[in-house]
Amino acid sequence: MDEASVARGGLAPRLWLAGGWLLLALVAAIFAPLIAPQDPLAQDLMLERLPPFWLDGAEPGYWLGTDSLGRDLLSRLIFGGRIAFIVAFAAATSACLLGSALGLIAGYFGGWPDRIISRIVDVWMAFPPVLFAILLVAVLGTGLSSVILAIAIIDWTRFCRVIRAEAMSQARMDYVESARIAGYGRMGIMLREVLPNVLPSVVALLSLEMGIAVIVEAILSFVNLSISTDDPTWGSIIAEGRLSIHQAWWVLVFPLITLILTVLSFSQFGEALKARFDPVLR
Amino acid sequence: MSANREPCLDIRGLSAVLANGQRVLRSVSLAVQPGEVRALVGESGAGKTMIGKAVLGVLPKSVRIVEGEMLIEGEDLGRLDPKARRTLIGARTALIPQDPLTALNPSRRIGPQMTDRLVRILGWNTERADKRIRQLLDEVQIRDPERVLKSYPHELSGGMRQRVLIAAAFAAEPRLIVADEPTTALDVTVQKQILRLIAQLQRDHGTAILFVTHDLGVVAKISQKVSVLYAGKVVEEADTEALFAAPQHPYTRALMTATPRYTDPYASLKPVDESVLAGLTAEIAAADQAWRPGHG
Ligand SMILES: Nc1ncnc2c1ncn2[C@@H]1O[C@H](COP(=O)(O)OP(=O)(O)OP(=O)(O)O)[C@@H](O)[C@H]1O
Ligand SMILES: [Mg+2]
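Residue numbers (numbering that gives the first Met the number 0), protein chains in the order written: chain Z, 0 to 281; chain D, 0 to 295.
Bound conformation, chain Z alone (with noise of 0.2 Å):
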């Protein structure tokens, strides 16, 4: 019970942080209009290159200082976010559901559901993710889906590694077999008792995905392939910040600084969520 008790202390703050930042962010890029203070897209070459508000030389409504077409930085991130967001549920949660689905029947069925099933993933894992990514979307071509369609292709194998692997250590497990005694079906045993004990793992990735979402969609953008141009994504505003970072740091700095408090706050935002939801860790 105490151990238990300090495990909650000590696992509070880390899902306090994640979620608060996650849902700061969230509920920022869902009103963007509404928050941002300028128009992302509107250009104004007296208002170029301007600092961050700590700097002499700052505007009044341009916090984090624009970039060199003197766009507000603040408003592009925010409206940057709402790309974001929408390919890492789109495109993790359709990971998920796949992979997981596969996992749990190779891993509770084993035989040869297993054999197909693992076969398939060796095969898939043996291309290097951000290449295979590139690939897709030069297939696909370049649009939201086609982001959202090649991030689910590649990293279903993700949850169906791991969720194949816990789903066979709960298939051995004696409750199963009593399950089985008492006259239920193989895919009720499978439902029923097996897939709560391995949701809390699915749980973590699933939040861990929507992070890789979050890296993979920054890079396709960095390298020119996601959305449109003109959408500004923080891929998109990476790349040009990367191009003054000489004359305006921030430019590259806040976008960095955004994206890896997201992608980080996503997998500790997992972890602690599987503590919490896990009867045994809880």
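Don't take each hint at face value.
Which residues of chain D face chain Z? A partial, calculated answer using Cβ under 7 Å [said to hold, decoys possible]:
#1 VAL57
#2 SER61
#3 ARG84
#4 GLY89
#5 LEU94
#6 PRO96
#7 LEU103
#8 ARG116
#9 VAL118
#10 ARG119
#11 TYR151
#12 HIS153
#13 SER156
#14 GLY157
#15 SER274
#16 GLY278
Simulated from the structure, these hints should not be mistaken for laboratory data. All residues carry an ideal CB built from backbone N, CA and C; glycine is no exception.
Fit chain D with the ligands to the known structure of chain Z by using the hints.
Relative to chain Z, chain D with the ligands alone:
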């Protein structure tokens, strides 16, 4: 015990092999009469658990039954289609497992876990099942059922979990319970209590039990009949009293001199005399040479 009653469990000439063709059960025959406790003793690896799993229909995929029959209350399991077999096994049998931790689903609370089973097996509604569960928890002397029902398995002690599993096993009034070393994973002090509980509930409910153990002290305490298993073969079977008074088979005799007192179960089964084992092994090897599976 009237002789013409149908046995609750009747295993006739059951043989099973591993994927590599190695025999794990060698023409095993044993019967458990209604309301009777039959102990199945033998050293580790003898195949005791295999027999239990065969009866309950949960043999590992690598083990294949090649001959023999198993009848539960006269119904031949081999003649039933898989679904009917599952239903029959679910309704008439239950398991008290060895490891009370992994036998409970770690992510579900005790209450719903137990109630679900009853609803499933007996088709009762949740309220009735819940009432029944509470009654059984009382029988296994759990004093704070509210707390236990709300707990997750890991929040209970080993002895408590085993009580829960005993309650669950008896709850649906099965005719036959397979108890596979139900006390081995527990503390010595708890072992006695659990054994006493099983004996108590067995008498009250009149349930037949196939009681798997490697401890002759436990055999003496709980059973009326014994089958001694060595290398997948029943080498002796007798009334418990008769067995202890006059063991017939050399292996049984060796087992008895090797078995310490019940008070020290962890020290049970000192190595059995080498010469006895050598003789047995030769005998079994010869039998395997001559053996052909009845079918398949
Ligand atoms: N899953 C399995 N696949 C193949 N062989 C197995 C499997 N489980 C057990 N065996 C083998 O079957 C034989 C009988 O094992 P079993 O578990 O029935 O022994 P036991 O009498 O219950 O022993 P213990 O007292 O250690 O529980 C052993 O030789 C064992 O190695
Ligand atoms: Mg065993």
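A quick look at each hint next to the structure:
no.: 1; hint: VAL57; verdict: holds, 5 Å
no.: 2; hint: SER61; verdict: violated, 11 Å
no.: 3; hint: ARG84; verdict: violated, 10 Å
no.: 4; hint: GLY89; verdict: holds, 3 Å
no.: 5; hint: LEU94; verdict: holds, 6 Å
no.: 6; hint: PRO96; verdict: holds, 5 Å
no.: 7; hint: LEU103; verdict: holds, 6 Å
no.: 8; hint: ARG116; verdict: holds, 5 Å
no.: 9; hint: VAL118; verdict: violated, 10 Å
no.: 10; hint: ARG119; verdict: holds, 6 Å
no.: 11; hint: TYR151; verdict: holds, 4 Å
no.: 12; hint: HIS153; verdict: holds, 5 Å
no.: 13; hint: SER156; verdict: violated, 13 Å
no.: 14; hint: GLY157; verdict: violated, 14 Å
no.: 15; hint: SER274; verdict: violated, 38 Å
no.: 16; hint: GLY278; verdict: violated, 36 Å
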